[in-house]
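**Student:** Chain by chain, the residues run as shown.
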Amino acid sequence: EPEVTQTPSHQVTQMGQEVILRCVPISNHLYFYWYRQILGQKVEFLVSFYNNEISEKSEIFDDQFSVERPDGSNFTLKIRSTKLEDSAMYFCASSAGTGAYEQYFGPGTRLTVT
Amino acid sequence: GENVEQHPSTLSVQEGDSAVIKCTYSDSASNYFPWYKQELGKGPQLIIDIRSNVGEKKDQRIAVTLNKTAKHFSLHITETQPEDSAVYFCAARVTGANNLFFGTGTRLTVIP
Numbered sequence: 879e880p881e882v883t884q885t886p887s888h889q890v891t892q893m894g895q896e897v898i899l900r901c902v903p904i905s906n907h908l909y910f911y912w913y914r915q916i917l918g919q920k921v922e923f924l925v926s927f928y929n930n931e932i933s934e935k936s937e938i939f940d941d942q943f944s945v946e947r948p949d950g951s952n953f954t955l956k957i958r959s960t961k962l963e964d965s966a967m968y969f970c971a972s973s974a975g976t977g978a979y980e981q982y983f984g985p986g987t988r989l990t991v992t
Numbered sequence: 053g054e055n056v057e058q059h060p061s062t063l064s065v066q067e068g069d070s071a072v073i074k075c076t077y078s079d080s081a082s083n084y085f086p087w088y089k090q091e092l093g094k095g096p097q098l099i100i101d102i103r104s105n106v107g108e109k110k111d112q113r114i115a116v117t118l119n120k121t122a123k124h125f126s127l128h129i130t131e132t133q134p135e136d137s138a139v140y141f142c143a144a145r146v147t148g149a150n151n152l153f154f155g156t157g158t159r160l161t162v163i164p
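Chains as they are written, first to last, in our numbering: chain A, 879 to 992; chain B, 53 to 164.
Hints listed in this document are in silico derivations from the structure and should not be mistaken for laboratory results. For glycine and all other residues, C-beta sits at the position ideal for the given N, C-alpha and C. Hints are supplied without guarantee of correctness; some may be wrong.
[Stated by the list, open to error] Listed below are several chain A residues computed to face chain B (Cβ distance under 10 Å; list not exhaustive):
| # | residue |
| --- | --- |
| 1 | Val-925 |
| 2 | Cys-970 |
| 3 | Pro-985 |
Could you put together the complete structure from these sequences and hints?
**Tutor:** As structure tokens, this is what we get:
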């Protein structure tokens, strides 16, 4: 069964450093998402991406964040200058297309900012 | 924006008993309500969902009910098994948007 994959599973970085989290969505899916989950809190939406551009973003997704689909398979989240409060589990998800509401999540990347 | 509340935060049941998890939402424009199961170290797994034009949906031992008037929806698991132990999240999607708003999660423990 097709699944969303994410790398790395765990990333440790120092405050102020840039990190790139990588995702491979399900093949033939058209919508891609990033969510995050701070320990003990709700899963929160960051951004959605369709047709090579951001379709929606939340207040959390400020200028420190960017997303990219550099090729036909990868979808990346970049945090330009990490802060302690960026420490969280980051989930990538994908859905098939318009009218297909089901979102399928990857296993997540645990980001620890020290 | 949409706000999803989920209860209870923890739930313990004996194997074979039923488990019910409840969620409420605030935005009447929400039209899609998925449920996710998250096991330790894994991402959320979609287990069942319901759209606003349906009142109930069932898939083997799990079912979801939706009351649009009261703006609440529930997950029902019957004949629980130890492998049902996990954290369950409800979510809602507002018409015209793609993002999901999640509840705070319920840790279900099924005692053998």
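**Student:** Please name the hints from earlier in the document that this structure breaks, with their numbers sorted from lowest to highest.
**Tutor:** none
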